[in-house]
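Peer 1: Residues per chain are reported as follows:
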Amino acid sequence: MQTEELFQAMSQSIIDGDADVAASLARQSIDLGIDPLQAINQGFVPGINHVGNQFSCGDMFLPELVMAGEAMKTAISELEPEMSKRGTERQVYGKVVLATVQGDIHDIGKTLVGTMLAAYGFQVYDMGVDVPITKIIEKTREVNANIVALSALLTTTMVRQKDVIEALEDVGLRDKVKVMVGGAPVTQEWVQQIGADGYSEDAVGAVGLAKKLLGV
Amino acid sequence: MTKRIKSITNPKLKLEILTPEEVGRIHTATLDLIENVGVRFPSQKALDIWEAHGAQVDRDTSIVKAPGHVIEEALKQAPPVYTLAARDPEQDLPLDGNHVFVGTDGCGVEMLDIYTGKRRTSCLQDVADIARVGDALEEVAFHWVAVSAQDVPPATRGLQELLAVWENSTKHAQSESIYNEREARASIEMAAVIAGGKEALRKRPVLSLMQCSAPPLGHDGGSLDAALVAAEAGVPTGFMTMAAGLTTAPATLAGTLVVGNAEVISATALLQLAYPGAPVFYAAAQTVSDPRSGAYTGGGPEDFLFGAATNVLSDFYNIPLSMGSFATGAKEPNWHAGLENSLSTFMACIVMSDMLLGVGLLHGSRIWSYAQMLMDCEIYSIIHKIMQGIVVDDANLALDTIRSVGPGGNFLAQKHTLQHMREIFVPQFMDRRPYNTWEEKGDDGRDWALAKARQILENHHPEPLDPLLSAELQRIIATVEKR
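In order, the protein sequence lines correspond to chains W and H. Under the numbering used here, the first residue of the first sequence carries the number 1, and numbering increases by one thereafter. Under the numbering used here, the first residue of the second sequence carries the number 1001, and numbering increases by one thereafter.
Just so you know, the hints here were simulated from the structure itself, not pulled from any lab data. All values derive from a computational prediction rather than experimental measurement. Glycine is no exception: its CB is placed at the ideal position from the N, C-alpha and C atoms. There's no promise every hint is true.
Claimed, not checked - To list a few chain W residues with every Cβ distance to chain H over 12 Å, as calculated: (1) Ser24; (2) Leu37; (3) Asp104; (4) Asp107; (5) Val129; (6) Arg160; (7) Val171; (8) Arg174; (9) Lys178; (10) Val186; (11) Glu189; (12) Gln193.
Unchecked claim - Dumping the calculated DSBU-like pairs for lysine-lysine here, alpha-carbon to alpha-carbon at most 30 Å: (13) W:Lys212 to H:Lys1331; (14) W:Lys176 to W:Lys135; (15) W:Lys135 to H:Lys1331; (16) H:Lys1482 to H:Lys1003; (17) H:Lys1385 to W:Lys135.
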């Protein structure tokens, strides 16, 4: 297969949301001695961009976007050993610590946001649900995060978003990170009230917000 | 003011949405899931109960796999018929399969202010005000906590909300906002004060609790513990699935029904294993997520089908149903709201769902609108009329009257007309004025609905809760605050 054809096939595997094919193409590119960064940027990224555009105009649906995101993730993890062998690194937009706050077990919205952010080039540390404040702070410090993203579905747990922001202030990290919040009861007024940096009602909007907050 | 509660009863309309064979397939598929895939029960107490009854319990994942016969036997213990009691016994609600009752929706987080029209965060006074308006409306049979009292501490918020409802209405209170053991115990203590003791509460449950499942195939630990406390006290309890096709359930309707059914009947069976004969109900508000964004929709043809299908399931298990209808995804009271709330409620009514939730909220149960509340009541009244169907007997065929008018006359001055004209539905919020009147005034049903809500809020004085009882309830809440 010619390099151009290979890149074409990589792009198509993302559009098809086919993680197996994407992984096998990634391995082929390593065997052919292609720079993994080139494989990502010229092979896989055009695919995810195409899906993103089709999604934005309503021609593709969310499951197609999620499958493309998963395929992208698989392809990149297949290329990672080769990247570290070559001492190169994929450029990411930023590092995001993501969690559903303590006392709240709602998972799906948060996970979807994680998938979307990862697909669009953020490094995401998804800490799961019911995450204590101290753990969120530790992780933020450990990975030197640019964004802390907090989910809550209940009005009684939503207040924890505020607690995390206060804790970030207490340990002197608030200036170093942007805080995004989400969940059904979250509103613009709430964002202002607790001093967060923004919210989005859906996962795709969260990507736009993250990019905006980091100015990328 | 009004004591009457408007319920749909002895309906003339019918719909067969699922054949018995199809219900059987859904049931078999559900038991297969519960037995072989399992359902998550993250509660020590729940896991202990399951284990004691022969289910396979994984303590690390909290996943329970229960044999089908254990579920089936347990569900047989559930009472098919019981009554939700009200502070005023005249407003008791028999859940007997032959009544449809409507409640207020819940639990919103914002208000369209009744005077300014501006959107703002909801507070405790709003809970009280909505209960008071609901108390005056015959269409509203019982209350959910309509909006969240965000100006009181989260630890006792659910209790303050309940107190506000009881202080402002004599109707039954069903809370969807009590979801941990501590608040459940206190809420039952409060209900016992109103009923006149723990045994009296068992006979006359003035409180019922609704818990949400955590789809797919899971539950919340606090909700399970709260439900067990309620079941022990004989307080009617239901588990509501909000499984959403595409995201938390398969993209197909039958698959979504199965996922939700597995959640509801497994938790219902748990309550029966722990406290056989405890009053329980099936609760559901399944939906599909928007394919383009994954967002919660709050309405659409799939929801309308779920609304009709779920009562067939709850009938199969022979327990009452609390069904999500109304609760439009619309942002304001508009055609979208009218369309969704009419069809969802019609479909849930035509199969005689016992309880419908509920009137008043916009934007997928997030924003309260008094205008929407009143218009939702009108939608229900229209459906109430439709459900009476067409009566064909001598009086209604009116042959004698038709004979005496003959060809070319009119029926306005007929005695028969006078006798029956008040059976014709007269809308409150539909504009039947001449075109030029509408043009001059420039108002519509939304304005009239809001005006009626204001009038009720300013003039309706519900039968007060005995101040001694009120003080006792306050004391219980204060004790919880100190803990």
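Peer 1: Could you run down the list of hints and mark each one as holding or not?
Peer 2: Status of each hint after checking the structure:
no., hint, verdict
1, Ser24, "holds, 28 Å"
2, Leu37, "holds, 31 Å"
3, Asp104, "violated, 9 Å"
4, Asp107, "violated, 8 Å"
5, Val129, "violated, 10 Å"
6, Arg160, "violated, 9 Å"
7, Val171, "holds, 24 Å"
8, Arg174, "holds, 23 Å"
9, Lys178, "holds, 23 Å"
10, Val186, "violated, 9 Å"
11, Glu189, "violated, 6 Å"
12, Gln193, "violated, 8 Å"
13, W:Lys212 to H:Lys1331, "holds, 26 Å"
14, W:Lys176 to W:Lys135, "holds, 17 Å"
15, W:Lys135 to H:Lys1331, "violated, 37 Å"
16, H:Lys1482 to H:Lys1003, "violated, 38 Å"
17, H:Lys1385 to W:Lys135, "violated, 57 Å"
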